[in-house]
Each structure stands twice: as structure tokens, then as C-alpha cells.
Amino acid sequence: MSDKDLAIKVENVSKLFRIGFENATHDTFAETFLSFIKSPLQNYRNYRTLYRFDDMDFEKKQNTDNALWALRDISFTVERGKILGIIGINGAGKSTLLKILARITPPTTGRVEIRGRISSLLEVGTGFHPELTGRENVYLNATILGMRKKEVDEKFDGIVDFSGVEKFLDTPVKRYSSGMRVRLAFAVAAHLEPEILIVDEVLAVGDSAFQKKCINKMQDIGQLGATVMFVSHSMPAITRMCSRALLLEDGYVSKDGQTNEVVNAYLSAGLGTTPERVWDPASAPGDDVVRLRSVRVRSDNGKTLDFVDIRQAVAIDMEYEVLQGGSTLLPNFNIYNEDGTCLFSSLEQDASWKNVPRPAGVYRSTAWIPGNFLSEGTVYIEPAMMTPAPFRPHFLARDAAAFQVFDPGEGDSARGSWGGAMMGVVRPMLKWETQLLSQAVAVHG
Amino acid sequence: MNDNSNTIPVSVPVTVITPPQGWQLIDFKELKEYRDLFYFLVWRDIKVRYAQTILGFGWAILQPLIQIVIFTFIFGKVAQIPSDGIPYPLFSTVAIIPWTYMSTAMSTSSQSLVAGQAMLGKVYFPRLLFPVTPVLTHMVDFMISMVLVICVAVYYKVSLSWNIVFLPLFILMMMAVPLAVGLWLSSLSIRFRDVKFAMQFVIRMLMYSAPIVYSASSIPESYRLLYSLNPIVGVIEGFRAVLIGQDIPWQYIVPGMASTAVLLVMGALYFKRTERVVVDVI
Numbered sequence: 001m002s003d004k005d006l007a008i009k010v011e012n013v014s015k016l017f018r019i020g021f022e023n024a025t026h027d028t029f030a031e032t033f034l035s036f037i038k039s040p041l042q043n044y045r046n047y048r049t050l051y052r053f054d055d056m057d058f059e060k061k062q063n064t065d066n067a068l069w070a071l072r073d074i075s076f077t078v079e080r081g082k083i084l085g086i087i088g089i090n091g092a093g094k095s096t097l098l099k100i101l102a103r104i105t106p107p108t109t110g111r112v113e114i115r116g117r118i119s120s121l122l123e124v125g126t127g128f129h130p131e132l133t134g135r136e137n138v139y140l141n142a143t144i145l146g147m148r149k150k151e152v153d154e155k156f157d158g159i160v161d162f163s164g165v166e167k168f169l170d171t172p173v174k175r176y177s178s179g180m181r182v183r184l185a186f187a188v189a190a191h192l193e194p195e196i197l198i199v200d201e202v203l204a205v206g207d208s209a210f211q212k213k214c215i216n217k218m219q220d221i222g223q224l225g226a227t228v229m230f231v232s233h234s235m236p237a238i239t240r241m242c243s244r245a246l247l248l249e250d251g252y253v254s255k256d257g258q259t260n261e262v263v264n265a266y267l268s269a270g271l272g273t274t275p276e277r278v279w280d281p282a283s284a285p286g287d288d289v290v291r292l293r294s295v296r297v298r299s300d301n302g303k304t305l306d307f308v309d310i311r312q313a314v315a316i317d318m319e320y321e322v323l324q325g326g327s328t329l330l331p332n333f334n335i336y337n338e339d340g341t342c343l344f345s346s347l348e349q350d351a352s353w354k355n356v357p358r359p360a361g362v363y364r365s366t367a368w369i370p371g372n373f374l375s376e377g378t379v380y381i382e383p384a385m386m387t388p389a390p391f392r393p394h395f396l397a398r399d400a401a402a403f404q405v406f407d408p409g410e411g412d413s414a415r416g417s418w419g420g421a422m423m424g425v426v427r428p429m430l431k432w433e434t435q436l437l438s439q440a441v442a443v444h445g
Numbered sequence: 001m002n003d004n005s006n007t008i009p010v011s012v013p014v015t016v017i018t019p020p021q022g023w024q025l026i027d028f029k030e031l032k033e034y035r036d037l038f039y040f041l042v043w044r045d046i047k048v049r050y051a052q053t054i055l056g057f058g059w060a061i062l063q064p065l066i067q068i069v070i071f072t073f074i075f076g077k078v079a080q081i082p083s084d085g086i087p088y089p090l091f092s093t094v095a096i097i098p099w100t101y102m103s104t105a106m107s108t109s110s111q112s113l114v115a116g117q118a119m120l121g122k123v124y125f126p127r128l129l130f131p132v133t134p135v136l137t138h139m140v141d142f143m144i145s146m147v148l149v150i151c152v153a154v155y156y157k158v159s160l161s162w163n164i165v166f167l168p169l170f171i172l173m174m175m176a177v178p179l180a181v182g183l184w185l186s187s188l189s190i191r192f193r194d195v196k197f198a199m200q201f202v203i204r205m206l207m208y209s210a211p212i213v214y215s216a217s218s219i220p221e222s223y224r225l226l227y228s229l230n231p232i233v234g235v236i237e238g239f240r241a242v243l244i245g246q247d248i249p250w251q252y253i254v255p256g257m258a259s260t261a262v263l264l265v266m267g268a269l270y271f272k273r274t275e276r277v278v279v280d281v282i
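If you read the sequences in order, they're chains G and R. According to the numbering used here, the first sequence is numbered sequentially starting from 1. According to the numbering used here, the second sequence is numbered sequentially starting from 1.
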């Protein structure tokens, strides 16, 4: 592959930061006083070390008490027109990598080559000033992101349309709601038309309708042939948008390849949870009889749910492929909370398949967990498959998927208007009935 | 699916990013690309400065006016400092207006990187825009306060001479001084917050280093060259001469021009050298 087809080429990039300074504690007053006098000199030395790294070993790249390698020997390439996802836990180095590519901070070692005009979206609404009106902030933000004034003039109406804040365009932004501000800022970013775009988790803002609008817009940008580097914690978004992904761990690239493989590496290492998980047929849990294909947490109308309202019923889809027909199979789920306690197990309850041998093919079994049943917190799903008699287990996928249960506190969940702690691993809304049996007679003294 | 049959342009801008090394020159081509942003940054600061105030740009006149009144009373009447035969109010007005510009621009410019650290960490544009923007935004205040100069000059029936043609030169020199100071101090400010505290004090002292409240002729002959190396001296003397219609005392001005040029060039080099690590050191 010639360099001409590469939009981004990263070679052996590393980044070293100074962190914290040890403050010696002193035992005597004399020591304390002396260190107070010496402190300007010490402070100056400390400041000098912030960007000088003569004391560090560049071969081994070990972290020390006051220096942290945020990135170590990162190398990868991105072809023009491809979308690359970058995943990793907080602190793995994703944002630092983006900052280096955006030229905000320089690498400590290594080299980056970027072919094309690069636009970076590390924050929504950079440069927004509360005293300026929406219209003025659009121009400011757009030019900060790299557009020319002429460009903004041409795209202005489109930007305003996308944001939906036309009515308030000439009021100072400080009077906007935070949602409006985000929509306006994103509208500007959405009209960037970049050749190369790097995006840092900025999609985690705004309501879900708007988020969908933004993801669609990003896909459009990809369709136009732009190269995109996309950092996110949302496995569904990464899987949907990226053909390739990088997993960063502790500053290293620990996996570079097809999105599904990398996402699975991330999830298998217990680094994150997702409400939707798809397995590569070659490495999917299962045996020669049946293999698990995917698990998904969704709502009534098919929407994948990261966060579930405690009052809401939740569907769990399990898709599996029966390779050898003729066995009776019993799909089941084990549900755990974040402490590892098993909340309950559930076996398939579909009468049409009970004790019926299943022909080969692809199946989807769905279980419904009723609303007002689960407790708040993270819920882990363990899909499993067995042949009941003679007993034979086929697969048990630990921590396959997870979702969060939250109570919006509107008063009609099991906790009602009680704001305090509630015990219990489940929180069913039981039927209660109270009757006044006999009224006490008031005694007047 | 992406259709890779798009023709790839023959000349694609290639950006190479490497660890910072050595001295670098200012990339003027890049600055030209960002001129729209520069315009909006200047315009933003101007618009925001007096937002939600009653007097608005009236402060650009009120602040120097109060200073002139107080100085005229204290230095002119009470201390009776000699002012080369020029009426003291006129003497101080033509000096205070450029000085107000220089001191406020110096102050804002040297804090520009610190004030903009939110943007510094989130988006890239030539960092040079930070110290340069205040040099332009404060010009608006300067031009408004020139009204004061005009009023005082008319009152004292000043007759201008042909050397008013040098006024743009002195205005340029007046802008170059805070720019040079801003280039040096803005990146220093990021690393050592002491700069902010030192500046408040130093600017007050600097006012006495130039012939604003006293006349330059009170400086002994042997110290004149050293004294004139201070570019502020040159700016004030130049303004005074040109706005009152007197001969321009070049001996006070030329050394200052030389030192400004040196400070500017070295300041720009220093700024470029440190601008890349600025984000790591905030």
C-alpha cells in the first residue's frame, strides 16, 4: 500500500507526562522554614522538569512516581475513506492520541503524517462565548473549527436548520438551555465537510433523537469519502460505524483489526460492558450443535437500551444458530447484579418449542423482564443453552451483555416518593392493600 | 460502503507532526489561512468587553480622563513638575492616551494564553493568535480615547506641523511594544503564574520609566541613551512631538525602535519555541 492511499500514518509515537510532585513532610520547624526559603528554587526546578525528560529511560518506558507514559510506541495507519474506531478504558491514552493528531500537544517521540485537511472535534462548542448571540457564536465556532467565513456564509442556513434554534438565533447564548447550546454547537460541527475528521466521544450529549441525527450525519460524512477516527465508549456505536478498530491499553495498541474482533477483545478482557454483543461465528460460544450469535437488550419497539427506566419492561434477545438439527434445546438466562449475586435464572417458556427437537437454522429467543421488578444498578446477562435430558450444556457466556437500571424518581415506581436507600436485590412492585380495622375513640381528659 | 474511486487530488497538504526540536520560524502562510478566525477573535473580544455595561465604550474615555485630571492636579499643580512650557493637561493627555493603550494591551496580551487555556486544550489554531489579538482589540479603545486628545488640543489651540505625517509610525511602534512583551510573557505566564502578579506591579513602575508625568529633558545627558533604549520613551516622545506640533526628538526615539525590533524578533522566536509544549504545562 503506497503512502498516497494513507490518510494517517502514525509511527512509534509515544507521549510522556510529568505528574504530581512529592511534597516532603518535615519533622522540625527549622526544616520547614528552610524548605520554605528554598521553595522558589525547587519550584523553578519542578517547572523545568515539566517538559524536560532527561532522567527518563526511553527504552523501557516505565512509569515512575512523577512521570507517566500516556502512549507507548503507537504505530498504525488509516486508509483514506475508512472509519477507524478507538476504544479503551479511561486512561488508556485515547484522548492523548487524538490531541497529538490534532496538534494540540506534541509527541515525545515518533512521527505522524497526515495527508489532507484535518478537522478535530474534541469538544462540542469550543469557543462559545455566553455574551454573544447564537448567530455570532456560529461564526466564531465555525472559524475556530477551521472554516472560512465564506464557507460559513454559504452553510449558515443549513446549520441553523439542523440545530432547530432559529427562533433564538439573535439572543445571547447565555440564555440558551444546555440542550440548545449543544444542538447549535453540533450543528456547526456537522457541517464541517472535513477530509479527515477526528472525534472524541462528543456524541454522548443531547437527547436520543438528536444523537441519532448526529450519528447519521457522521455516517454521511463517511459516505462522502472522508477519513474518520472515532473514539467512543459505546460499543454499539463503534460496531455500527467503524470497519476497523484499535484497542488501547495502558498506552499500547493491544489489538488492531476488524471491529468485531477488537470489541470482543475489549469485552472479554472485562474492560467494558455493552447492551448489544455480536459474536464472530468462528469464535462464538457453543459447540457443534448450537452456537450463540448475539445478545441484545432492547425496549418494546426494538431500540437497544443502555439505560433502562426501572418501570420499563425490557426484552432480552438471544440469537443462536442450530448447526445440527434434531436435539431438544433449552435456552436460558442467568441474571446477575454488580456484586456478582445471581438475581434469578429464567428458562425458555415458549410452549411451541418445549421438548420439541429443533431443526437446524437461526433462532431468536426473547425473554421479557417486567418493569418495576429489577433493582437500580448494573444488571449482567449470562445467556446459556442446554439440552435438558440427557443433560448436556452447550454454552454459557459470562458477562455477555449488561445494562443499567435507573429510577427517574417520578413517584410511580416501587420506591414511590421514598428518596432513601432501599435494600434488596430485586425491587418488585407488589400489590398492597390497607384497611382501617377499627378507629380509636378519642378520650378527653 | 465508501467508493474509493474518488480521484485523489494531485497535491494534498501533508502535515508532519514530530516532537518539538530547536528554533522555528513563524509560519506566515498558516497565519494567512486563519485570518478569518483572527478577525472573529478580535471582534469577539471587542464586543464582549463592554457587554452589559451602561457606559459601554464611554469607559474608554472616562478612565484616561480621570487619570489626566488627577495627574494634572498632583504633578502639575501640587508638585509643579516642569513640562517643557506646555500646559500640563495637554502635556499629560498626549502621553496618557498611548500609555493607557500600551499598559492594557501588555497586560492582556501576557495573560492571553492563560485566559484561553480552555481553547488551547481542545482545538488547534496558530497559538500566535492569542498574544496578537489583544494588540488589535485595544486599538478600539485607543481610537475612541483619541477624541480626548482632539478635544484638549483644540482647547489649547494647538497648531499641528507637517510632522503629523509621522503619527502612523509612532502608532505602529506603540503597537509593537505590547506585542513584543506579550510574545515573551504569554508563554512564560503559562509556566509561571507569578508573571501575572509581577506584571501588575511592573506596569505601575513602568509608567515612571517614560516621560509621561515628567519631561524627558529632566534626565541627565549621560543617561539619555540608556533611558531611550526603553521603547516606551520613544513612543511617548514621538506622540507628544507630533500631536503638539513640535520637532521630533529623534535621539530619544531611534534607540527605542532598535530595541523594539530586537525584542519583537526574539520574542517571536521564543514564543514559537515554547508554543508546542504550552498545553502540557498549563
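I should point out that these hints are in silico values taken from the structure, not numbers from a laboratory. Be aware that one or more of the hints could be misleading.
What the hints assert, rightly or not - Derived DSSO-like pairs (lysine-lysine); straight-line CA-CA distance at most 30 Å:
#	chain 1	residue 1	chain 2	residue 2
1	R	K196	G	K150
2	G	K38	R	K29
3	G	K155	R	K47
4	R	K196	G	K149
5	G	K155	R	K29
6	G	K4	G	K60
7	G	K174	R	K29
8	G	K155	R	K272
9	G	K174	G	K217
10	R	K29	R	K272
11	R	K272	G	K149
12	R	K272	G	K61
13	G	K150	R	K47
14	G	K255	G	K9
15	R	K32	G	K4
16	G	K4	R	K47
This structure is a prediction, so every number in the text was calculated from the model and none was measured.
Check your understanding: Which numbered conditions among the earlier hints are violated in the structure presented, ordered from lowest to highest?
Key -> Hints 1, 2, 4, 6, 7, 8, 16 are the ones this structure does not satisfy, whereas the remaining hints hold.
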